[in-house]
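**Q** Start from chain Y and add chain H according to the hints.
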Amino acid sequence: MTRLPFITLALASLLAGAAAQAQDKPSQATIDSYVKATFGKASPEWQARITPDESLAACNLHRNAVPSAEADAIIKRELAKVGFPADGKLLGNWKEGYKVANNGRGGQFSDPPGTVAGGNCFACHQLDPKEVSYGTLGPSLAAYGKDRKYDPDAIKEAYTKIYNSMAVVPCSNMPRFGTNKVLDEQQIKDVLAYLFDPESPVNK
Amino acid sequence: MPNKAAANAAIEETKGLGMKLPILGAAVLAAAMTLAAGHLTAQAPPLDDSEKEIERYRQMLSDPFSNPGFLAVDRGEVLWSEKRGTKSASLEACDLGEGPGKLDGAFAKLPRYFADADRVMDTEQRLLWCMDKLQGLDTKDVLARRFSGPGRASDLEDLTAFIANKSSGMKIEPQLKHAKELEMAAVGEELFYRRGGVMDFSCATCHADEGKRIRLQGLPNLSVPGPAAQATMASWPTYRVSQSALRTMQHRLWDCYRQQRWPVPDYGSDALTALTMFLQKQAAGGEIAVPSIKR
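As they're listed, the protein sequences go chains Y and H.
Position 182 of the first sequence, counted from 1, bears residue number 184 in the working numbering, the numbering being contiguous throughout.
Position 119 of the second sequence, counted from 1, bears residue number 120 in the working numbering, the numbering being contiguous throughout.
Excised from the complex, chain Y in its bound form (with noise of 0.2 Å):
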């Protein structure tokens, strides 16, 4: 067997080839070809997630950097899409929505049918100080409620951006749970139990 030694990465050279002419931009049929060709297969339900609405949309056309006109008109659509609880309640149970945060599930072509959707928050925040796995997409989130003397607007910001990430920041690259209908209202509620509750290892 005569093979090449495994190759420590010369991580150099990064020119070379890399001169490509400047390409305009595929219109956007062409693009919405390459997707079909590669997803057209899929169900109507599945087809309809990869079609952006309005506000998506602008922030792909755009790489999420929208014009400021733009970010207002995002704000103002996605705030209209947040359905707050009827009761006014905001608060679950924090043990709940430790679970909430944990389960990373749902939402993959390889899921079953049935499987309970997970809101994945240690996936790009740190929560719980002492949870050693956890991702940096999002900003950390420890201490979160006791930092915010578990102010009632603070609360209701945070169901807010929960609810829908881009009522509060346009194109906000964390998922809008609420309104793409990821996690229901009560699992809203206990995973902001689960940062603003003072008994929640969030704020110990």
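No lab work stands behind these hints: they were computed from the structure.
Quick reminder that beta carbons are idealized off the backbone N, C-alpha and C, glycines included.
You can take every hint at face value.
For each label pair, taking beta carbons as the anchor points, the in silico distance ranges come out as:
| # | chain 1 | residue 1 | chain 2 | residue 2 | range |
| --- | --- | --- | --- | --- | --- |
| 1 | Y | 64 | H | 89 | 49 to 57 Å |
| 2 | H | 84 | Y | 49 | 39 to 47 Å |
| 3 | Y | 187 | H | 170 | 53 to 61 Å |
| 4 | H | 179 | Y | 187 | 47 to 55 Å |
**A** For chain H alone, kept in the frame of chain Y given last:
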């Protein structure tokens, strides 16, 4: 991944590695570990226990003789010259871009435009084309086995490993001359930023910043040309220890679209080739070393 948690994760991986290499005798494994340890003693400053574990893990991962991916290369070599299909022909006349049967350096330039098909194709698409046209082989069966599993070999994985290995030591050289190649790269870039699915994710959600991770998994920034993209693209196909299988870019993108909460991407289809073309452009000049071995 600087913290203790990462260290623990790597230790878990090391244990996993020991258990998941059924092909290798324990003796070989022990020898590899001893070798790695020997290397360690030569190093200063002294490492603590968990750092040593990580270092040992790295050593094992970069030792070609403990990489079962090379078994796929060997299987691919056999398949390449085996007469199969209704035409009882081998693949030896297959043109991967450098001329019929010319394999050296071909992978480094794929995907590329093929005049006979009037399309841009990646390695797997081209192989399917050659199986159909040259061999008259039943590609339905080949596609059913596109990803290997326990007791199920994949011709496409094995052949791609064999072909890619013939470009080891060479530099990634994206082909961006033909109009269709340029379109592929440009569409791939757009697709990289296209958000969708119930989580509103795009590739860029996870691969457009430096030093980010999901849970404890580091995420390469593939949005800019340079070392991260080079190191990434130059290391596929790879033997995935966690899956006990050799995987090609087709599987990596399938898995990323799964995490992206998008529908199942069709194997060997144009959006995947476009993304691959874009990533190869980001990775231009990266020195290929495949099959590698990873988590």
